[in-house]
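Assemble the complex: chain R is given as a structure, and chain C must be docked to it using the hints.
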Amino acid sequence: MSVIIPYIDKPNPVTGVTNAKLGIWLFLASEVMLFGALFSTLIILRSSATDWPAHGSDVLNVPLATLNTVFLITSSVTIVLSWASLKMKNLMKFKLHMGLTVLLSFGFLIIKYFEYSSKFHHEHYPSTSTFYAVYFTMTGLHGLHVIGGIITNLYLMGPGSKMWKTEPERFTGRIECAGLYWHFVDLVWIFLFPALYLL
Amino acid sequence: MSHGEMTVEEVKKHLRGYYVVFGALLCLTIITVAISYLHLPIHLAILLAMAVASVKGGLVAAYFMHLISEKKIIYSMLWLTLILFIFLMLIPIFTLHGYK
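Going line by line, the protein sequences match chains R and C. One point on numbering: in the working numbering, the residue at position 173 of the first sequence is 173, and numbering is uninterrupted. One point on numbering: in the working numbering, the residue at position 84 of the second sequence is 84, and numbering is uninterrupted.
Extracted from the complex, chain R is given alone in its bound form:
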C-alpha cells in the first residue's frame, strides 16, 4: 500500500508553502542551533585558552581556504541556476548546473584533504591543542555536511531526475529543498572562514 504525503508539491492552504519546504526549513533551523552551539563554544574556548594562535593565518593556509570560499560561493550560484533551469523547463541545463555544483563541492573536499594532510604531516591533531580541537571539530562537521550534500545532489542529478518526466513540480520542489540545504552549508562556511582562518 502506498502512502501519499499531502501537499508535497502543492502549497498547503494553511501554511502557504509545501510540506516539503516547511520540513527543510525546520531542519535548517535545527542546524542553526547545532552550529550556533559550536560557535558559542568557540568563543568560550578562545577567550579562555592560553595557547590560541594570535591569528588563524599563522597556522592555517589562508589562500587555500579563500579558494574554498570561492568554490562554495560559486556552487551556491550554480545550484540556484539548476533550480531556475527547471522552472524554465530545461532539464539539460539543470543537469549542467547541478554537475558544476557537484564538481565544485568535490574541489572543496580535495582542498580540505590537502589541508588536513598537511596538518597530520606536521603532527597536528585534535588532541594537539584547544585551537586544533575546535578547528577539526568545526571544519570536520562542516565537511560531513558537504559530503551529505554531494550524495543528495548526485542522486538528484542521476537516478532521482527520472521524476522530472512523471512529476515535474515535485521534482522542482526537491531541487529547491536541496538548494536551500546547500546554501546553508555555504552560509556556515562564510562564518567559519573568518572565525578560524583570519582572526
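Be careful, since some hints might not be right.
Said to hold, decoys possible - Derived lysine to any residue pairs resembling SDA-like cross-links, with alpha carbons at most 25 Å apart:
| # | chain 1 | residue 1 | chain 2 | residue 2 |
| --- | --- | --- | --- | --- |
| 1 | R | K112 | C | K12 |
| 2 | C | K71 | R | E167 |
| 3 | R | K95 | C | G17 |
| 4 | R | K87 | R | T172 |
| 5 | C | K12 | R | T74 |
| 6 | R | K89 | C | S69 |
| 7 | R | K10 | R | G23 |
Said to hold, decoys possible - One-sided excerpt, in silico: chain C residues whose CB lies under 7 Å from chain R:
| # | residue |
| --- | --- |
| 8 | F22 |
| 9 | F64 |
| 10 | I74 |
| 11 | F85 |
| 12 | I86 |
Keep in mind the hints are simulated off the structure, nothing from the lab. Glycine included, every Cβ here is placed at the ideal spot set by N, Cα and C.
Leaving out everything else, chain C in the frame of chain R:
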C-alpha cells in the same frame, strides 16, 4: 509570493540578480581577507570580519534562499530561531561574568 510559485518570466528576471549577488560575494570575500592583513586590534578585527560575514550571509539568505519574498510561516519560524541563536551567542558573556 513564495519563489516556488514564480512564473518562467519572473525566474528569468531573477537570473541577473543572482549574478550581481555572486559578484558582490566575491568582492566581500576579498575585503574579508584584506582586512585580516591589516592586523587591526583584535576587537576591531572581530567586529569588522563578522560584519562583512553577516552582509555576505544576508545576501545568500535573501537572494539565493529567497528569504526576501517568503511566506509568513517561514519568517515566524526563523525569527524564533534567531532569538534562540542570539541567546546561544550570549552564553559566553555569562561565563565571563561568573554567573552561577
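Distance restraint between K95/R and G17/C, which requires alpha-carbon spacing of 25 Å or less: 21 Å, holds
Restraint outcome when F64/C is required to lie within 7 Å of chain R by C-beta distance: 5 Å, holds
K10/R paired with G23/R [C-alpha distance capped at 25 Å]: This hinted pair holds, its Cα atoms lying about 14 Å apart.
F22/C as chain R interface residue, shortest Cβ-Cβ below 7 Å: At about 5 Å, which falls below the 7 Å cut-off, the nearest Cβ of chain R leaves the hint on F22/C intact, so it holds.
25 Å limit on alpha-carbon distance, applied to hinted pair K12/C and T74/R: Between K12/C and T74/R the Cα gap is close to 19 Å, so the pair holds against 25 Å.
Chain R contact restraint for I86/C - C-beta distance below 7 Å: 9 Å, violated
Holds or violated: K71/C to E167/R, with C-alpha atoms at most 25 Å apart: 24 Å, holds
Hinted pair K89/R and S69/C, Cα distance within 25 Å: 22 Å, holds
Proposed proximity, K12/C with K112/R (alpha carbon, max 25 Å): 35 Å, violated
Cut-off 7 Å, beta-carbon criterion: hint that F85/C touches chain R: Since the shortest Cβ distance to chain R is 5 Å, the answer is holds.
Hinted pair K87/R and T172/R, Cα distance within 25 Å: This hinted pair holds, its Cα atoms lying about 7 Å apart.
Hint status (Cβ of I74/C to nearest Cβ of chain R, threshold 7 Å): Constraint on I74/C satisfied, holds at 5 Å.
Hints 1 and 12, counting from the list given before, are not met by this structure.
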